[in-house]
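> Next come the chains, spelled out residue by residue.
There are 2 protein chains.
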Amino acid sequence: MKTDVLIIGGGPAGIVTALSAENTYKGLKITVVRREKQVLVPCGIPYIFGTLPSPESDLIPDKVLTSKGIEIIVDEVADVDTSSKRVTLKSEEAIEYDKLVFATGSLPKVPPFAREKFENLFSIKKNIDYLTRLKKEIENSEEIVIIGGGFIGVEMSDEIAKRGKKVTIVEAMDHLLLQAFDDEFCVMAEDELRKRGVTIRTSATVKGFLGSNNRIDYVELTSGEKLRADLVIVCVGSYPNVELAKKAGLVIGYSGGIWVDEYLRTSVPDIFAVGDCAEKKDFFTREVTPVMLASIATCEARIAGANLYRLKAVRETKGTLGVFSTAVGDLVLGVAGLTEARARKEGFDVVVGESKTVDRHPGAIPDAHEVRAKLIFSKYSGVIMGAQLAGGKGVGEMINIAGVAIQKGMTAVEMDTLQIGTHPLVTPPPTAYPLITAAANAILKIFKEE
Amino acid sequence: MKTDVLIIGGGPAGIVTALSAENTYKGLKITVVRREKQVLVPCGIPYIFGTLPSPESDLIPDKVLTSKGIEIIVDEVADVDTSSKRVTLKSEEAIEYDKLVFATGSLPKVPPFAREKFENLFSIKKNIDYLTRLKKEIENSEEIVIIGGGFIGVEMSDEIAKRGKKVTIVEAMDHLLLQAFDDEFCVMAEDELRKRGVTIRTSATVKGFLGSNNRIDYVELTSGEKLRADLVIVCVGSYPNVELAKKAGLVIGYSGGIWVDEYLRTSVPDIFAVGDCAEKKDFFTREVTPVMLASIATCEARIAGANLYRLKAVRETKGTLGVFSTAVGDLVLGVAGLTEARARKEGFDVVVGESKTVDRHPGAIPDAHEVRAKLIFSKYSGVIMGAQLAGGKGVGEMINIAGVAIQKGMTAVEMDTLQIGTHPLVTPPPTAYPLITAAANAILKIFKEE
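Quick note, the sequences are listed as chains U and P, same order. Residues in the first sequence are numbered from 200 upward in steps of one, following my numbering. Residues in the second sequence are numbered from 200 upward in steps of one, following my numbering.
Please keep in mind that the hints were generated in silico from the structure rather than gathered at the bench. This structure is a prediction, so every number in the text was calculated from the model and none was measured. Keep in mind that the hints are not guaranteed to be accurate.
The list treats identical chains as one, so a pair stands whether inside a single copy or across any two.
No farther apart than 20 angstroms at their CA atoms in a straight line, the calculated lysine to aspartate or glutamate pairs in the DMTMM-like style are these [unchecked claim]: (1) Lys607 <-> Glu515; (2) Lys262 <-> Glu569; (3) Lys647 <-> Glu221.
All chains, full assembly: derive it from the sequences and hints.
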């Protein structure tokens, strides 16, 4: 078989690369090879354990590809021969390609204490059968321990607690979500999670598991304390899935991801890599960054898909910004760019602006929610480098306003004089729009009164 | 009495000018003179007739000013002597000022057919006693005719219909909201309003009223048709309140607003004007524009307040963009910049990008709502000039993302490769984020396939 574009991996990165290529170049034969029969919405996974009825309600339908004439092959790539431009599938079928894209994603990290197999020990794999088993285990468990207090751990805790289970979340750092937010925002998330009945154990590391008959009974902390557990879910992050790329001779970056340039081209001509399997550089620090997000993967995919045959426009990744949002109960948290702590640690001179208001106006509107903003600006250039928000659902899009401002190098004065749209039922008031008042607060510190 | 800064007008423009001056310059004596005992949130006014319990729940508390040491005088300015820098109040008190700011707002337009007085004929005045009377009239009426299908007319219709009243909205143009949106978005609003039980009469003009004993019984259209009415509310827009400014000798622009430069300075030294009473120029067309919005007024106020004594930074109005949002039932509509119709009429070469998706992911998330986007780009520079959105509540902030993009001159390619944050419970999916897919759709037309 021959194809023009062959994409390995059927997640968001693979799907969007295919769509972007199809949208940019007409008449191409595009083929996606993936292992999974059905593709999960990755960010929706925590929600299949609470909000959504089942894993089946969290699928990306194949017709987003097939309706555009893109072929899907459910199989695994066994081998890539980059000189003859052929891949061989496990089924032994061979496919000749013109352009090849690695979108092989990531795999959950397995910490040393979790290498032994237990029937009631799970991680978060993007596999519908595995997650269906996990959902059943959750339903049959009373006491559940989640190890790892990042986004997935926090979202899993919140969702599982909704089902009336006794959930404990264990995190080695001083706060949950500390890799993404400054302390005070982590504390807001923790307070909300506690209100929802979740027990939080920060600054706590796991020594190992105690159990019998292939089942864990207790999680043992290095402090010696033992936590009762009917079920343990490990959410300590992911690492790039590059086994095949390595075997094919692609250069792997020192972060462990496939090395790519700004156009998402790998070290081998006609081969691209996108998403979790590709190495990323931070927008500001210029260091390699382990951020793995579907929104970043799809951004890279749009760039790669359009750049496959020609650089029709300068479409490049300008560095990974990292725009995240998450929800704990009614509280939505968002972050874009650098936190204050990270910015200071990296040696940036920054000033911080803060504000607090309500996300509807007047505050008597029924679904009004307090909203807090923290913006981080470069002290001498005034350019915005980071934003953190906490509030109601509007935070999900408000953090994208900050994200655009960061990507376009907006200054504090520009943000202070920004024109925004407001409406009583859907936004904060025009008199105290959180991003603007936080910018005004920062300006006081930038232009010290003489 | 003497004050450093005297602001005439206590609405959002006056309040934010005072706050901006206080935030920028320390130790100033700032005084706000206003007619109203209590200040209404202007954009909240339609909601006091449905969603909110009473006009009193739509107030801006005085403490936003008094807590910063800003004085409020409830009185009216009778006279301004710009050479001796004194104003005289109706109470005959005189105030000497160093800097004076006109924030005198706007007054509802009264069309020729509505000049006669009737007990059951109302407009929308920012006056709590007047609106309390109107609320009572609404409660006592069965059939209500609203004249004018702009934002306020539409929002009033929707809110009053919630109270189980029979509402008819009469609009002279072919569609409701046509000054703000392209046809297809107007139609979405109309469909939703009709579902809510409102009768819509577009392309219909009012000839006059028929009634007796000082009460209207029928609204007569120029077609001869008569509409039964227990109550008539006229919402045909506002005009700048510049009587005092005229008397003081300030130059009035040809739009009828107070002439100001980009720093919001009027023709007289030490006098500024902000908000609805100040003339505005459109961001793109450079023509004077009659847009009156609290969000624009407060933007101007932030600029003027900071520029009163020194131009500490280049804080200027770059032209009025107009970022609006409104809600009809569950449908939220947003617009920023030029519509396609307006852009073409003004002679801009444009291309349009469109998209349709869901504002949660997966679509099975309980409060998911369809969201549609239309973006207008300059054909040859690729710069974004306008955006229209229709969807759920997230549109309120999503339109601000487009607003920032317009203000920062973002191109279609930049938007296509934008990094955004997404989350299942609060945003559309990363694989099909509406602004990005609409940009990709436009790019197809900009870079025609060779």
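> Hints first: check each against the structure and report whether it holds.
Comparing the hints with the structure gives:
1. Lys607 <-> Glu515: both (14 angstroms within a copy, 19 angstroms between copies)
2. Lys262 <-> Glu569: Between. Shortest inter-copy distance 18 angstroms satisfies the 20 angstroms Cα cut-off; intra-copy 40 angstroms does not.
3. Lys647 <-> Glu221: Intra 53 angstroms, inter 14 angstroms, cutoff 20 angstroms: inter-copy only.
Violated hints: none; the structure is consistent with every hint.
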